[in-house]
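Asks: Construct all of the structure, not just a fragment, from the sequences and the given hints.
Protein chains: 2
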Amino acid sequence: MKIKYTLLKEDKDTHARLGKIETNYGTVDTPMFMPVGTRGSVKGLSPEQVKECHSGVILANTYHLWLRPGEDIVAHCGGLHKFMNYNGPILTDCGGYQVFSLVKNKKDITEEGVKFKSHIDGKELLLTPEKSIEIQNKLDSDIAMSFDECPPASASYEYLKNSVERTLRWAERSKKAHKNPNQSLFGIIQGGPIEELRKLSATETVKMDFDGYSIGGVANDGESKEDMYKAIDYSIPYIPENKARYLMGVGEPLDILEGVERGIDMFDCVLPTRIARHGQAFTRDGKIHISNAKYKEDLSPVEEGCDCYCCKNYSRAYIRHLITVGESFGGSLLSIHNIRFLIRLTEEIREAIKEDRFLDYKREFLNRYEKKK
Amino acid sequence: MKIKYTLLKEDKDTHARLGKIETNYGTVDTPMFMPVGTRGSVKGLSPEQVKECHSGVILANTYHLWLRPGEDIVAHCGGLHKFMNYNGPILTDCGGYQVFSLVKNKKDITEEGVKFKSHIDGKELLLTPEKSIEIQNKLDSDIAMSFDECPPASASYEYLKNSVERTLRWAERSKKAHKNPNQSLFGIIQGGPIEELRKLSATETVKMDFDGYSIGGVANDGESKEDMYKAIDYSIPYIPENKARYLMGVGEPLDILEGVERGIDMFDCVLPTRIARHGQAFTRDGKIHISNAKYKEDLSPVEEGCDCYCCKNYSRAYIRHLITVGESFGGSLLSIHNIRFLIRLTEEIREAIKEDRFLDYKREFLNRYEKKK
Numbered sequence: 129m130k131i132k133y134t135l136l137k138e139d140k141d142t143h144a145r146l147g148k149i150e151t152n153y154g155t156v157d158t159p160m161f162m163p164v165g166t167r168g169s170v171k172g173l174s175p176e177q178v179k180e181c182h183s184g185v186i187l188a189n190t191y192h193l194w195l196r197p198g199e200d201i202v203a204h205c206g207g208l209h210k211f212m213n214y215n216g217p218i219l220t221d222c223g224g225y226q227v228f229s230l231v232k233n234k235k236d237i238t239e240e241g242v243k244f245k246s247h248i249d250g251k252e253l254l255l256t257p258e259k260s261i262e263i264q265n266k267l268d269s270d271i272a273m274s275f276d277e278c279p280p281a282s283a284s285y286e287y288l289k290n291s292v293e294r295t296l297r298w299a300e301r302s303k304k305a306h307k308n309p310n311q312s313l314f315g316i317i318q319g320g321p322i323e324e325l326r327k328l329s330a331t332e333t334v335k336m337d338f339d340g341y342s343i344g345g346v347a348n349d350g351e352s353k354e355d356m357y358k359a360i361d362y363s364i365p366y367i368p369e370n371k372a373r374y375l376m377g378v379g380e381p382l383d384i385l386e387g388v389e390r391g392i393d394m395f396d397c398v399l400p401t402r403i404a405r406h407g408q409a410f411t412r413d414g415k416i417h418i419s420n421a422k423y424k425e426d427l428s429p430v431e432e433g434c435d436c437y438c439c440k441n442y443s444r445a446y447i448r449h450l451i452t453v454g455e456s457f458g459g460s461l462l463s464i465h466n467i468r469f470l471i472r473l474t475e476e477i478r479e480a481i482k483e484d485r486f487l488d489y490k491r492e493f494l495n496r497y498e499k500k501k
Numbered sequence: 129m130k131i132k133y134t135l136l137k138e139d140k141d142t143h144a145r146l147g148k149i150e151t152n153y154g155t156v157d158t159p160m161f162m163p164v165g166t167r168g169s170v171k172g173l174s175p176e177q178v179k180e181c182h183s184g185v186i187l188a189n190t191y192h193l194w195l196r197p198g199e200d201i202v203a204h205c206g207g208l209h210k211f212m213n214y215n216g217p218i219l220t221d222c223g224g225y226q227v228f229s230l231v232k233n234k235k236d237i238t239e240e241g242v243k244f245k246s247h248i249d250g251k252e253l254l255l256t257p258e259k260s261i262e263i264q265n266k267l268d269s270d271i272a273m274s275f276d277e278c279p280p281a282s283a284s285y286e287y288l289k290n291s292v293e294r295t296l297r298w299a300e301r302s303k304k305a306h307k308n309p310n311q312s313l314f315g316i317i318q319g320g321p322i323e324e325l326r327k328l329s330a331t332e333t334v335k336m337d338f339d340g341y342s343i344g345g346v347a348n349d350g351e352s353k354e355d356m357y358k359a360i361d362y363s364i365p366y367i368p369e370n371k372a373r374y375l376m377g378v379g380e381p382l383d384i385l386e387g388v389e390r391g392i393d394m395f396d397c398v399l400p401t402r403i404a405r406h407g408q409a410f411t412r413d414g415k416i417h418i419s420n421a422k423y424k425e426d427l428s429p430v431e432e433g434c435d436c437y438c439c440k441n442y443s444r445a446y447i448r449h450l451i452t453v454g455e456s457f458g459g460s461l462l463s464i465h466n467i468r469f470l471i472r473l474t475e476e477i478r479e480a481i482k483e484d485r486f487l488d489y490k491r492e493f494l495n496r497y498e499k500k501k
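Chains A and B, in that order, give the protein sequences.
The numbering used here applies: residue 129 is where the first sequence begins, and numbers increase by one.
The numbering used here applies: residue 129 is where the second sequence begins, and numbers increase by one.
Watch out, some of these pointers could steer you wrong.
Copies of the same chain look alike in the list, so a pair counts if it works inside one copy or between any two.
Below are the DSSO-like pairs computed for lysine-lysine, each with C-alpha atoms no more than 27 Å apart in a straight line [claimed, not checked]:
{"#": "1", "residue 1": "LYS424", "residue 2": "LYS210"}
{"#": "2", "residue 1": "LYS234", "residue 2": "LYS245"}
{"#": "3", "residue 1": "LYS259", "residue 2": "LYS424"}
{"#": "4", "residue 1": "LYS210", "residue 2": "LYS179"}
{"#": "5", "residue 1": "LYS179", "residue 2": "LYS440"}
{"#": "6", "residue 1": "LYS440", "residue 2": "LYS210"}
{"#": "7", "residue 1": "LYS415", "residue 2": "LYS210"}
{"#": "8", "residue 1": "LYS259", "residue 2": "LYS307"}
{"#": "9", "residue 1": "LYS303", "residue 2": "LYS440"}
{"#": "10", "residue 1": "LYS335", "residue 2": "LYS148"}
{"#": "11", "residue 1": "LYS422", "residue 2": "LYS210"}
{"#": "12", "residue 1": "LYS179", "residue 2": "LYS245"}
{"#": "13", "residue 1": "LYS307", "residue 2": "LYS358"}
{"#": "14", "residue 1": "LYS259", "residue 2": "LYS245"}
No lab work stands behind these hints: they were computed from the structure.
Replies: See below:
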């Protein structure tokens, strides 16, 4: 079955919206945050621990799973759900983001696809729209992405325009190549911070009638927040309201709030697990570094009032100790907290939209979160 | 409350025995295997995951917790159980094993204690019987160890004799220094593979009336299995049967079986978690290296018939993938399996003793385990 997005309520003041997505693995509420399990594992956590954070959809990366263990092995093991023992919806990206970061020479980007060298053994590989979709079909995720070009943040107008046009042709090829009836396919809207290009990309992609739409090119190194907001603002008006909208690679609390305000339903980011492994935790009062000496004897939880497994059972002093001595369980505990933090944020956002107080909620959250940073 | 060991049944053919130990955190059956949480965390696992392996007692290392975070911080956090959120019995070693491995000059071992340099910052430190006990009192483990000298496997008779005599004086000082009424104190029997010295050490240690007895000096680098078995055989006859007997640092399946046969009740070892992180797993047919290419597409669990979380939910192919790409969850899964493997071994040993077929069980297990090695 394909996913089905239902719009439940629109905010009275903004483009924020409450919705739900029915999937083969249950119904999830939107706006939502999706944890990332790059190589078939949300780093340091069991699927049960991920679910305990009230996670709905999780992500896996096509590029990484293509290289190791290979899509055929995942298929042989019964697809990603069975392979990684995750009994919930899974979304895969198209591999473009990783592959474009490996391209050394512009000549390696052709109409056919992208040539690049594997980050593991340097082997020359080619990723095309057809190949990306074939891999995702075999991985058997619930939601797949069409293959897009990810231009650098510094790209010129000319470059971006050519790139948008090629991405449209690749989207058609992706759609044509897609064969898995239990997998939904999202189209990706590109065009940098340029209104005209986002409009072109959005209207033409929507014409192809995908199962949902992603806004890409907003999580590049060097991308400014202003450009991210423009990218959303210039794309959203052209996406039909009965389809889910996914802002790729975004997960800072501020950006989730800004994204929701602009009409985004889905977010993902490696941030909560990555910063956790380095001893950083989200709190209502901003991020904290748990290795700071001031937490040495701190009996309080990472965040007072948080309902996560980490905060219910462990002190800052213990987690500081684990992080300081390099015990991986410290990173796992903070990962649980950080994922739960972003998921709670989206739960509260949904409550606020329901009660027509989204902007109040956003202001209050940010006043407190940004103050102590 | 102090622990209480009760002998339930002796094997008809060997010194193997079935027993139970009542602790402040519930009753545990013996013979038993105790997983190691060196620095206040069984590496890569949550306390719930450790308990799911049917673990009873777990270990923590005094030396490591003394250096970081420091015993006062653990005490401030309510003791080790609360600090690490482990609601089961905890045993601490005395720190001797680690400290003696850091001694560079024999002159640094004096009657007072041992001078050595911290492995973290090179700071010169002194560990004495009084200090070791004070640290363990503050850590508030259920079972503490008296402070002993750990001579190298290559030590001469003269060296061993002096060492045994000093360890006896240190045992008296340890006993005198011990102040925690909720903590039991074990005496440690040393003496290498020399019958006369083990007898001296055992009889004199037992005279001091400890809550249990450990057999030390058997897990050094370079120690032969023959010497380990001698050390046990020469010590056991002098330990009263109403006290638990703990073989320190031993965890190979063969050695557990040999130890039980000789009258040992308690075992601990970092082996199951250490080899797990390197992709090795125990099976009934010997150890396997999961990264071996032959497991690439292997849909079977690590060990057919195993009831652990890892074997019930994951394929060899998935775990091989995680280990190959360096995802820490792979090591966690194999750690769960390996700990459960050793605990199941002790469960089966207890059943076999109960049914008067210990030697048959041992022979059958080893026939299969050693054949494919």
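Asks: All hints are to be evaluated individually against the structure, with a verdict given for each.
Replies: So, going through the hints one by one against the coordinates:
1. LYS424 to LYS210: between (41 Å within a copy, 15 Å between copies)
2. LYS234 to LYS245: within (13 Å within a copy, 56 Å between copies)
3. LYS259 to LYS424: Answer is between: at 22 Å across copies they meet the 27 Å cutoff, but 51 Å inside does not.
4. LYS210 to LYS179: Classified as both; 15 Å inside a copy, 25 Å across copies.
5. LYS179 to LYS440: Classified as both; 16 Å inside a copy, 18 Å across copies.
6. LYS440 to LYS210: Between. Shortest inter-copy distance 12 Å satisfies the 27 Å Cα cut-off; intra-copy 30 Å does not.
7. LYS415 to LYS210: Result: close only across copies, 26 Å inter versus 35 Å intra.
8. LYS259 to LYS307: within (12 Å within a copy, 69 Å between copies)
9. LYS303 to LYS440: neither (46 Å within a copy, 38 Å between copies)
10. LYS335 to LYS148: within (23 Å within a copy, 72 Å between copies)
11. LYS422 to LYS210: Close across copies (20 Å), not inside one copy (44 Å); limit 27 Å.
12. LYS179 to LYS245: Classified as neither: same-chain Cα gap 35 Å, cross-chain 45 Å, threshold 27 Å.
13. LYS307 to LYS358: Answer is neither; intra-copy 34 Å and inter-copy 68 Å both fail.
14. LYS259 to LYS245: Answer is within: at 16 Å inside a copy they meet the 27 Å cutoff, but 58 Å across does not.
Checked against the numbered hints above, the structure violates hints 9, 12, 13; every other hint is satisfied.
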